[in-house]
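Enquirer: Listed below, chain by chain, are the residues.
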Amino acid sequence: MSAPLLEVEGLRVRFGNGTDAVRGISLSVGRGETHCLVGESGCGKSVTSLAVMNLLARGAVRTADAIRFEGRETADLSDREMGKLRGDAMAMIFQEPMTSLNPAYTVGSQMAEVMVRHRGVRKAVALERAAFLLGRVGITAPGMRLAQYPHQLSGGLRQRVMIAMALMCEPRLLIADEPTTALDVTVQAQILRLLQELQRELGLAILLITHDLGIVARMAHRVSVMYAGRVVESGPVAELFAQPTHPYTHGLLACVPVPGKIARGAPLGSIPGAVPKIGPGFQGCAFRERCEHAMPACATGAVPGRERAADHRYECHLEPGWTDRQAAEAAA
Amino acid sequence: MRPAIEVRNVEKVFRQGTGMFSAPRFVRAVDGVSFAVPQGGCFGIVGESGCGKSTLARLILGLHPATGGDILVDGRALGAMHRRERAKLIQPVFQDPFSSLNPRRRVADIVGMPLAAQGIGGQERRTRVNEMLARVGLSAEQGQRLPAQLSGGQRQRVAIARALVLRPRIVVCDEPTSALDVSVQAQILNLLAELRRDLGLTLVFISHNLAVVEHICDEVAVMYLGRIVERAETDDLFSRPAHPYTKALLASVLTPEPGLGIPDVGLGDSYPDPANVPPGCRFHPRCPAAQEACRSTQQTARNMAGRTVECMLAESL
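Chains F and Y are the protein sequences, given in the same order.
With the working numbering applied, the first sequence covers 278 to 609.
With the working numbering applied, the second sequence covers 10 to 326.
Hints were generated in silico from the structure; no laboratory data involved.
Just so it is clear, the structure is predicted and the values come from calculations on it, not from any experiment.
Honestly, I wouldn't trust all of these hints.
Said to hold, decoys possible - Capping the alpha-carbon separation at 25 Å, the derived lysine to any residue pairs in SDA-like fashion look like this: (1) K361(F) with T296(F); (2) K554(F) with A157(Y); (3) K256(Y) with A157(Y); (4) K554(F) with S386(F); (5) K361(F) with T417(F); (6) K256(Y) with V274(Y); (7) K554(F) with S248(Y); (8) K256(Y) with V535(F); (9) K554(F) with D105(Y); (10) K554(F) with G146(Y); (11) K554(F) with R316(Y); (12) K361(F) with S386(F); (13) K538(F) with E242(Y); (14) K554(F) with Q163(Y); (15) K538(F) with E184(Y); (16) K538(F) with D105(Y); (17) K256(Y) with R316(Y); (18) K256(Y) with L362(F); (19) K538(F) with M321(Y); (20) K256(Y) with K361(F); (21) K361(F) with H395(F); (22) K538(F) with A157(Y); (23) K538(F) with E94(Y); (24) K554(F) with D245(Y); (25) K554(F) with V402(F); (26) K538(F) with S248(Y); (27) K538(F) with M10(Y); (28) K256(Y) with R541(F); (29) K256(Y) with G542(F); (30) K538(F) with E150(Y); (31) K256(Y) with R470(F).
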């Protein structure tokens, strides 16, 4: 197996106010693979993606054992060198296309800028590629759209423009942070389908950040579940959804109403309490306050990493068999 | 028994573009909507942004006057009711518990406000506020905090307590869980279901999340560009959607089941604009089944095996 496209090891991010947003996580994204980073608000998933791109706000301190992109260490690159990678070999799309597009420039000029800057081509050449890509992402009459401003486009169109813009320099890695959260459900399905098509066609690797377990199930090859700055469980998608083993993943999946699966009005599973704030010196498992299986050991030291199956890992004191035991008890 | 809410042919037209030199544009946000919700029922309204579902909620709450049609709450015309009387009957819970609570007021004051407006004060107000806080799972100590000191889920509990403190019969929830995390959403949905059962509440539940609506509603209306295009009992709607738009909406629900892929919803890339409603069937520019006649024929609501559908082709699809 060839080396993964992106390898992150021991990534930590601390904010100036003493919050540990990311606490030593590792993940890898293979070529042509979709890796979903899933978790609730404040779990550190967006911070992780920004840290990989080195786009963190001032006051945030990033440390990592390694952030390798195409085998090359990027953690110690200068801003200038990192700037050459961003928008070129690695591109990013954000949740709110209205705020990430510049309202004062036409679609064409901001799309062309990316390529003029990275490839040094003439603007006319860049505009030609922009028109081609707008067509590719399913926008009719690309020539007309190039001359329009972002406010003249609907939310779905704007997100298509963002995707086309990210593809200008043929990136190998696309980081998508909640790309469809601001969109209607039918448009969401269209955009996600488009991402899958583009991935197949261009061999794109996608790091997809989302809170929506439905999107994870349908898009991911690999999943990392984040909670309070740690990856608490990770594995191949089918395996992880079939055998959720960390109590958080287990609880999270029980919270989602699925049409036809849960009787109307029957209570949904829910996780009591809320995510704690984690500061320096925090010990033990961050989920213990909300966990029905919490034991004294959970409050001290590090939480052991365990293996449920090949390539399916989780961080918990519970043995992998606990879910089966619980299922057996429920049946009895 | 008379229905808790009866909406008859209601419409709401907004005037847009009030520039001095531009001609005014009119947006028919709600255009001829009718339905009834029985006492104790839970009526869901689904649709995409701009379909008029939130405007409809505001009309039912009496926050906007309707420009046409009748709204009866508990058999009485909403427009003829005094504000204080209306408040005792019907109350809202809104989407964003960050902006719907006054950040400078303590939680107990926020929950007590509807009581104060009714002239209820002193010990009775304090008792009822504390009872209500306990009922939604908040402590009296949390009642002394400011909204900023609470989590999103706790704030939505405050909004629910405020809605219920006058013991209304009807609660209109407009996207009550959309701003919340999944685990907290489940807590709030469970709470609403429990309160509905214990207090005999009638719920109008507006959401863009079909899985949530399926889970708690008895009957569901699907809105598109200001009209209800299909209305049916939840099971019928979800197992046998009749309108092509309902089908597309249901197809786009992404359940957490790996291996199913992303569905092709079969809608074109044109988006609906409420200020510029297409002639004929308003869904025809996006409809995969549209025929020539759909471009010119105005659709009307028809009964079809116990449901209401606005599509001339529904039987043949």
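Enquirer: Confirm or reject each hint.
Expert: Hints, one by one, checked against the model:
1. K361(F) with T296(F): Violated - the C-alpha atoms of T296(F) and K361(F) are around 30 Å apart, more than 25 Å.
2. K554(F) with A157(Y): holds (15 Å)
3. K256(Y) with A157(Y): Not OK: K256(Y) and A157(Y) at ~41 Å, beyond 25 Å, violated.
4. K554(F) with S386(F): violated (42 Å)
5. K361(F) with T417(F): Violated, because 31 Å separates the two Cα atoms, which is more than 25 Å.
6. K256(Y) with V274(Y): With Cα atoms ~8 Å apart, K256(Y) and V274(Y) stay inside 25 Å; holds.
7. K554(F) with S248(Y): violated (43 Å)
8. K256(Y) with V535(F): holds (17 Å)
9. K554(F) with D105(Y): Cα-Cα ~22 Å, so holds.
10. K554(F) with G146(Y): Given that 25 Å is the threshold and the Cα spacing comes to 22 Å, the pair holds.
11. K554(F) with R316(Y): violated (50 Å)
12. K361(F) with S386(F): holds (19 Å)
13. K538(F) with E242(Y): Roughly 17 Å between the alpha carbons, so the hint for K538(F) and E242(Y) holds.
14. K554(F) with Q163(Y): Between K554(F) and Q163(Y) the Cα gap is close to 16 Å, so the pair holds against 25 Å.
15. K538(F) with E184(Y): With Cα atoms ~22 Å apart, K538(F) and E184(Y) stay inside 25 Å; holds.
16. K538(F) with D105(Y): Violated, at roughly 28 Å.
17. K256(Y) with R316(Y): holds (15 Å)
18. K256(Y) with L362(F): With a Cα-Cα distance of about 43 Å, the restraint between K256(Y) and L362(F) is violated, given a limit of 25 Å.
19. K538(F) with M321(Y): violated (32 Å)
20. K256(Y) with K361(F): Not OK: K256(Y) and K361(F) at ~46 Å, beyond 25 Å, violated.
21. K361(F) with H395(F): Roughly 7 Å separates the two Cα atoms, so the pair holds.
22. K538(F) with A157(Y): The hint is violated at about 37 Å.
23. K538(F) with E94(Y): Violated, because 41 Å separates the two Cα atoms, which is more than 25 Å.
24. K554(F) with D245(Y): violated (45 Å)
25. K554(F) with V402(F): Answer violated: K554(F) to V402(F) is near 50 Å, above 25 Å.
26. K538(F) with S248(Y): Holds. K538(F) to S248(Y) sits at ~12 Å (cutoff 25 Å).
27. K538(F) with M10(Y): violated (33 Å)
28. K256(Y) with R541(F): Distance of about 21 Å is within 25 Å: holds.
29. K256(Y) with G542(F): holds (24 Å)
30. K538(F) with E150(Y): violated (39 Å)
31. K256(Y) with R470(F): Roughly 18 Å separates the two Cα atoms, so the pair holds.
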